[in-house]
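Top line first, the protein sequences correspond to chains X and V. Residue numbering for the first sequence is 1 to 241, as defined by this note's numbering. Residue numbering for the second sequence is 1 to 809, as defined by this note's numbering.
Each hint should be verified, as a subset may be incorrect.
Where chain X lies over chain V, by a calculated footprint (3+ residues, C-beta under 8 Å) [unchecked claim]:
no., region
1, 436-442
2, 587-600
3, 682-693
4, 716-730
5, 786-794
In case anyone wonders, no lab produced these hints; they're calculated from the structure. Don't be surprised by glycine CBs; every beta carbon is placed ideally from N, CA and C.
Below are the chains, spelled out letter by letter.
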Amino acid sequence: MTAAPLHLAGERLMLDPGGCLHWPAQRMLVVSDLHFEKSTSAALRGALLPPFDTRETLAQLAGHIRKYAPRSVLCLGDSFHDSKGAARLQAADHARLQSLAQETRFIWVLGNHDPTPPADLPGDATPEHRQGPLVFRHQAQPGRVHGEISGHFHPKASVAVRGTNITRPCFIADGYRMMLPAIGAYTGGLDVSAPAIATHFPRGGRVFLLGRERLYSFPIGPSRPGAARREPEPMPLLTRG
Amino acid sequence: MPRTLPEPFAGWFASRGWKARAHQLDVLEAAQRGENLLLIAPTGGGKTLAGFLPSLVELAASPREGLHTLYVSPLKALSADVARNLTTPVTDMRLDISIETRSGDTSPDKRCKQSEAPPNLLLTTPESLAVMISQPKAAEFFQTLQRVIIDEVHAIAGTKRGDQLALCLARLAMLAPDMRRIGLSATVAHRDAIRRYVADDAAIIEVAGGAPPEIGMILPQGRLPWSGHMGLASAPDILTRIAEARMTIVFVNTRAQAELLFQELWKLNDATLPIAIHHGSLEMAQRLRVEAAMADGRIRAVVATASLDLGIDWGSVDQVIQVGAPKGVSRLLQRVGRANHRMDEASIATLVPANRFEVLECEAAIAGVAAHELDGDPPRPGGLDVLAQHILGCACAAPFHPDALYAEIRTAAPYADLDRETFNDTLEFVENGGYALAAYDTYRKLFRDSEGLLHVMSDRVMRMHRMNIGTIVEAPVLKVRYMGRGGGTLGEIEEYFVNMLRQGDTFIFAGRLLSFQRLRENVCEVTDGGEGEPKVPAYEGGRMPLTTNLASRVRAMLNTPSLWRNFPEPVQEWLNMQTIRSVMPGRSDLLIETFPRGDRWYLVAYCFEGRNAHQTLGMLITKRMERFGMQPLGFVATDYVMATWSATEPTDLARLFEVDMLGDDLEAWMDESSMLRRSFRHVAVIAGLIARHYPGHDKNRRQVTVNSDLIYDVLRKHQPNHILLRATRADAAAGMTDVGRVADMLSRIQGRVRHIKLDRVSPLAVPVLLEIGRENVRTNDSDEALLEEAALIAEATHLPEPRQGRLFG
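Using the sequences and the accompanying hints, generate a full structural model.
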């Protein structure tokens, strides 16, 4: 898996095709929207989904940690699907997470799904985390920012190529901010053209779709909120067969 | 001794100038002896009345309260029509017999009244029956039941709806031990399987076929196309035929074809003949309007898909035109039978092949009809997903003991061979998900009491279950609606298609040229008209493969040059040319041609196993070619052949087509394939893992809903033998991947691979080469390759796309 470099607020960040971000200068690993225990949360409402999502997501996370051997791991919020999620962890999963968090410093940025720190797990909890020129928060703030890294929206993007549509989770960034994809095993996504995301990138930017071995990068144009009239056909980036 | 109907029936028949038919009397007598029956008769044979006669006679002789006969048909509209047709004799003879229908549309009020005072005859669908079965009052409601009539058995046995109905019948047999069964079926290939579906001891009463149909063929004027499946070139001839008949059904194979042909006909329709369109994605109201117009004789033609294969009798249809490949003899007969619903008159039909291979297929189908050689697969074993749904339904009605339920379920034909372990696994899935991790003990849906009876955990579970009964799973669809307040709804199209549209893009739907404006929640907003090349929505699973019987007929024709002179001139030339340039595929060998073209090598295998099997084969063969270092670049599959292209010359083809390719490659590929993912989604929905409907306005719905692909990936990794994955693989093997057919072929052709090396493309290979680029077979590998390509272009052009509607266009 080849990570791709991206500069934000003068810092060199590595985007990993596995959906995590590594900040080499600080040896910090950033992951977003793990949504641990989404399955048991659904089970409470009557849908008995396969209860292996936490295990699966943990395995991904452990893999990233092994690969980068970071000094700290920052979870960008919604690490648990709900505030009681940590209490529902299976014993084995709990032990695994516990040992990961003991070996490396964990920073739990709080999200809307998990507004309180995870009970019984090591690490520091905070509504937002600043380090160097960067600010890490769960949900992007409206207006101008410089060096913001957030999650929350689970960005994904579609590429139409040869008559089919390929949709993947993605990073989305302009020179000012970046959003991370969700890496939870059961997390879906929101298309980057949705106003909730697009509004944060009024000047356009780039998306980086997660591939098996590498990222696939595409530029995106400025958003045109409320555009309803027919614009002249732009130069087609890709033609459909 | 001349047999007669009892009064007042004899009198009523006479008053209409009718005479009871022999099979109607046979059915009556057999039913009076208490036998279970399967009545096989061609359309127009008075089948439905025959089915009802025993019940009407019994009820006329001794009127009573309570449910006497249940009629189940796959079509809601059919129930309503049959109810109307029954009301006439009942009213005429002043019989004291109550008749009602029940479907998803029946008001709660009426349903409530029905359960308090059941009608004598209740006409319903498998889904509504499953809902009734799940009610605690089911035992009381059905205890008086004497008879169940299953209509269109041939269409329902072997489907998931058929599995559901069979399970419900097993339950009814327990609730009403006196109940007898009458199945009504069109002529079928697998009679005994259909008979057993009705009842293990059912007797068959068969009506000899009516007049044989008269089937002709028309070819497009001018050049006979080499490829393409739409048949648009024949539109002028089709229109001429329409003008000559009173009412025509123009059957096509896909909804996209229906839309295109409809457009094409109207372009030419200077006389403005009333021509309508009918397919499964159109708004129900629109479909009903068309059907009503047919019934009243207000239209001259309707372009239709399988949505009109079954259904009520439109006596005035006097011509059927099949555009495109007929695919199978039984299917063709079913369609042809839609014309002229009178048994003793010949149905008139015309076949319109769209390309030269289809000419051969049409010739084969006409011969197959003449030989009365029916085809189609025998019913497959019952689905475990349907079983799971049924188990929960039973629990909703009353607590049960697993031993008793297992015994009951085995009396349903599709589940006769269900082993106890599989039953237990399915039951466990219903109870608590059946996962290797005992995570859900606190969230279980069923609990066991001290006597071993299983109970439903809560009312909530029951409510959820009843809202989600049914085995028809649609692809994710979006409503198509005109923009603006009160804009009319036109129907539904699949989400993936809308995802490819940008504002202003035009597409053809519901017989209209529409311009896509925007997507709002689950509504695709459109306006009329627009510019540019319109797209046509395609639909998942819209195509059925060529049947084995028809394929072997085509093969046999290719090997009998004496028959060729009956074929159209261009076809004769084409075949003769093939024998000069290459050879004909044999009856039992596998002809493989290889030749260079441009900078590629092509391999064309004449397997004749149908599109689905060829896709599977293509996937496996290209994987093997990769391993053998032949650098495969792609493949394409049609109903007749599979072709690959590669960077180096394919050699040692016997080894390439060895039967051992069905080992690991198959498993690995199947699990990754989009077909399995699609199957899994269906299985997960039917089994109740993914709910389609939630009680009330559950605002947490989005939090519960997880994309089925994500679930599939996780489950596959952590519990590959989970019952739902087993069900998924069984479904895919039988259906979309047709693995059975690939396996049969591979073992048949061992030692019989005939490799012909050519220096250029052969005449027979031209059609498949023309398909290249039109068909995209997706695997995860190719997704990566496509993304790579897209990223490369983006890098080179560096042009940002405007973010409007969709990101990339």
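Verification of the hints:
Given as covered by chain X, the region 436-442 of chain V passes the check, having 3 residues with a CB less than 8 Å from a CB of that chain where 3 are the minimum. For the region 587-600 of chain V, the proposed coverage by chain X is not satisfied: 0 residues have a C-beta within less than 8 Å of a C-beta in that chain, short of the threshold of three. Note: the region 682-693 of chain V has 3 residues with beta-carbon separation from chain X under 8 Å; the three-residue rule is met and the coverage holds. With 4 residues bearing a CB less than 8 Å from a CB of chain X, the region 716-730 of chain V meets the requirement of three and the coverage assertion stands.
Given as covered by chain X, the region 786-794 of chain V passes the check, having 8 residues with a CB less than 8 Å from a CB of that chain where 3 are the minimum.
Violated hint: 2 only; the structure is consistent with all others.
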